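Here are the chains, one letter per residue:
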Amino acid sequence: MRTETLRETSVNTAAPVNEFTTGVAKAAPVMMGYFPIAVAYGVLAREAGLTLWETMAMSLFLYAGASQFIAVGMFAAAMSPFTMIFTTFLVNLRHLLMSASLAPFLKGLRFRSLALLGTGVTDETFAVNCTEFANTRRGHYFMYGVNLASYSSWVTGSLVGAMAGTLIPGLDQLPLDFALPAMFICLLVIMLKDNVMLCTAVLAGGLSILLALLIEGNWNIILATVIAATVASGWEKCRKRS
Amino acid sequence: MSETILIILGMGVVTYLPRMAPLVLLANRTISEGLIRWLRFVPAAVLAALLTPELLLRGGAFDISLSNHYLLAALPCFAVAIRTKNLFLTVFVGIGAVMLINTYA
Numbered sequence: 000m001r002t003e004t005l006r007e008t009s010v011n012t013a014a015p016v017n018e019f020t021t022g023v024a025k026a027a028p029v030m031m032g033y034f035p036i037a038v039a040y041g042v043l044a045r046e047a048g049l050t051l052w053e054t055m056a057m058s059l060f061l062y063a064g065a066s067q068f069i070a071v072g073m074f075a076a077a078m079s080p081f082t083m084i085f086t087t088f089l090v091n092l093r094h095l096l097m098s099a100s101l102a103p104f105l106k107g108l109r110f111r112s113l114a115l116l117g118t119g120v121t122d123e124t125f126a127v128n129c130t131e132f133a134n135t136r137r138g139h140y141f142m143y144g145v146n147l148a149s150y151s152s153w154v155t156g157s158l159v160g161a162m163a164g165t166l167i168p169g170l171d172q173l174p175l176d177f178a179l180p181a182m183f184i185c186l187l188v189i190m191l192k193d194n195v196m197l198c199t200a201v202l203a204g205g206l207s208i209l210l211a212l213l214i215e216g217n218w219n220i221i222l223a224t225v226i227a228a229t230v231a232s233g234w235e236k237c238r239k240r241s
Numbered sequence: 000m001s002e003t004i005l006i007i008l009g010m011g012v013v014t015y016l017p018r019m020a021p022l023v024l025l026a027n028r029t030i031s032e033g034l035i036r037w038l039r040f041v042p043a044a045v046l047a048a049l050l051t052p053e054l055l056l057r058g059g060a061f062d063i064s065l066s067n068h069y070l071l072a073a074l075p076c077f078a079v080a081i082r083t084k085n086l087f088l089t090v091f092v093g094i095g096a097v098m099l100i101n102t103y104a
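Chains as they are written, first to last, in numbering that gives the first Met the number 0: chain A, 0 to 241; chain B, 0 to 104.
So that you can see chain B by itself, here it is in the shape it has in the complex:
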């Protein structure tokens, strides 16, 4: 086996462990009330933490100008998501918005 494949397998192992360990360790255990309360906030926090750099950072710098097409396209997405809570509609509006902005801006 080449060294490259061995490195890839190593990267695979260290990626897999954090994905698998909490499921295996926590799913069948009685988790403390405090931890459950804490975990309840993780999904919204982690999504917001992933999303904001995507929308507000361009090339590692803060960008809230009109040239930030992702940020502009995010506005109709938020509007549609709040009104309809429809995932597909939000995705289509988002892609459509980026296409429009790329064409006309």
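Looking at chain A on its own, in the form it has when it is part of the complex:
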């Protein structure tokens, strides 16, 4: 059931340029966190025998931190194409949940815009976008800003790493890789507005650790999220009925 009438009206179209630049500014912690990791990826990929173009193709078309490192390992181990593609699919499947929870904030957009916004959904851009969407009336231009800034940082970092060939002295001294966990901490704290949310986060966090220790692969994130959200929404429904 498409709600055609919502088109153009429900989306905040005020001052697209301002929205976009605010998005770029809000993406600064993501850019700061991505750059050194991307440099490390670039170096590692070249050392594993990938060409400059292959290394960059991965950052341009895959644009997914953890799975690019895994892919480099799989190329080095000369695994079968099917194994490589399927592993990548599983590692990145969690984005399905993130996109689904961003969707209600992007009502009224055309297929083209949605398909373009989808290219930029990562753990980090999702965290920034959904915190902002939940707290302020931001439009999709904000999301373009966050996504493009983060993507640029990742691609630039990869290029620097792939060209330099070795870790840039000094950059690895600065623990910039902690920028991303620190950012997650703050965004999570902002999201925990009531006790139900807090319990959801504690449950998801606990389950994620437990499942990571019990099962191979990255299933812990998807499973922990699905279980915790299901328990929380079921509990909330029961509470509202009574």
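A hint or two may mislead.
Stated by the list, open to error - Straight-line alpha carbon distances no greater than 20 Å define the calculated DMTMM-like cross-link-like pairs of lysine to aspartate or glutamate that follow: (1) A/Lys106 with B/Glu53; (2) A/Lys106 with A/Glu131; (3) A/Lys236 with A/Asp193; (4) A/Lys239 with A/Asp193; (5) B/Lys84 with A/Asp193; (6) A/Lys236 with B/Glu32; (7) A/Lys106 with A/Glu18; (8) A/Lys192 with A/Glu131; (9) A/Lys192 with A/Glu235; (10) B/Lys84 with A/Glu131; (11) A/Lys239 with B/Glu32.
Stated by the list, open to error - Examples of chain B residues lying across from chain A (beta carbon under 7 Å, computed): (12) Ile7; (13) Gly11; (14) Thr14; (15) Trp37; (16) Pro42; (17) Ala43; (18) Ala48; (19) Leu49; (20) Leu74; (21) Phe77; (22) Ile81; (23) Lys84; (24) Ile94.
No wet-lab data here; the hints were simulated from the structure.
Quick caveat, the model's predicted, so the values are computed rather than measured.
Ideal Cβ positions, reconstructed from N, Cα and C, are used throughout, including at glycine.
Please build the complex by placing chain B on the supplied structure of chain A, with the hints as guidance.
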């Protein structure tokens, strides 16, 4: 086109589809109340699920010792985040804390 590039494109496609499909399929649909309620809990759950292994697992094992520098550095981050809700401040405190801990521990 080399086989490597074809594999990379394949990996790109399977990464892109889960990112794009829910946006395209759900954005312009009336979603049931139950699904909306469920989706409301996803952001906090997914962030917590991503964060805890980063802080509490080292090399695939549970580590809550003082040698886990990320866990130690997370404590001032939580404090600053709860008090200020300031993203940049939290990130700078975090990076500063890791540097201090790496230097003195």
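For each hint, the structure was consulted:
1. A/Lys106 with B/Glu53: Status violated; Cα separation ~34 Å.
2. A/Lys106 with A/Glu131: holds, 16 Å
3. A/Lys236 with A/Asp193: holds, 16 Å
4. A/Lys239 with A/Asp193: Holds: A/Lys239 and A/Asp193 sit about 15 Å apart, inside 20 Å.
5. B/Lys84 with A/Asp193: holds, 15 Å
6. A/Lys236 with B/Glu32: Given pair A/Lys236, B/Glu32 holds - Cα atoms ~10 Å apart, limit 20 Å.
7. A/Lys106 with A/Glu18: holds, 17 Å
8. A/Lys192 with A/Glu131: With Cα atoms ~14 Å apart, A/Lys192 and A/Glu131 stay inside 20 Å; holds.
9. A/Lys192 with A/Glu235: Distance ~15 Å between A/Lys192 and A/Glu235 Cα, so the pair holds.
10. B/Lys84 with A/Glu131: Holds, at roughly 13 Å.
11. A/Lys239 with B/Glu32: Since the Cα atoms of A/Lys239 and B/Glu32 sit roughly 13 Å apart, the hinted pair holds (cutoff 20 Å).
12. Ile7: holds, 5 Å
13. Gly11: holds, 3 Å
14. Thr14: holds, 4 Å
15. Trp37: Because about 4 Å separates B/Trp37 from the closest Cβ in chain A, which is inside the 7 Å limit, the hint holds.
16. Pro42: OK, holds: B/Pro42 within 7 Å of chain A, min 5 Å.
17. Ala43: holds, 4 Å
18. Ala48: OK, holds: B/Ala48 within 7 Å of chain A, min 4 Å.
19. Leu49: Constraint on B/Leu49 satisfied, holds at 6 Å.
20. Leu74: violated, 10 Å
21. Phe77: Nearest chain A Cβ about 6 Å off; hint holds.
22. Ile81: holds, 6 Å
23. Lys84: holds, 5 Å
24. Ile94: holds, 6 Å
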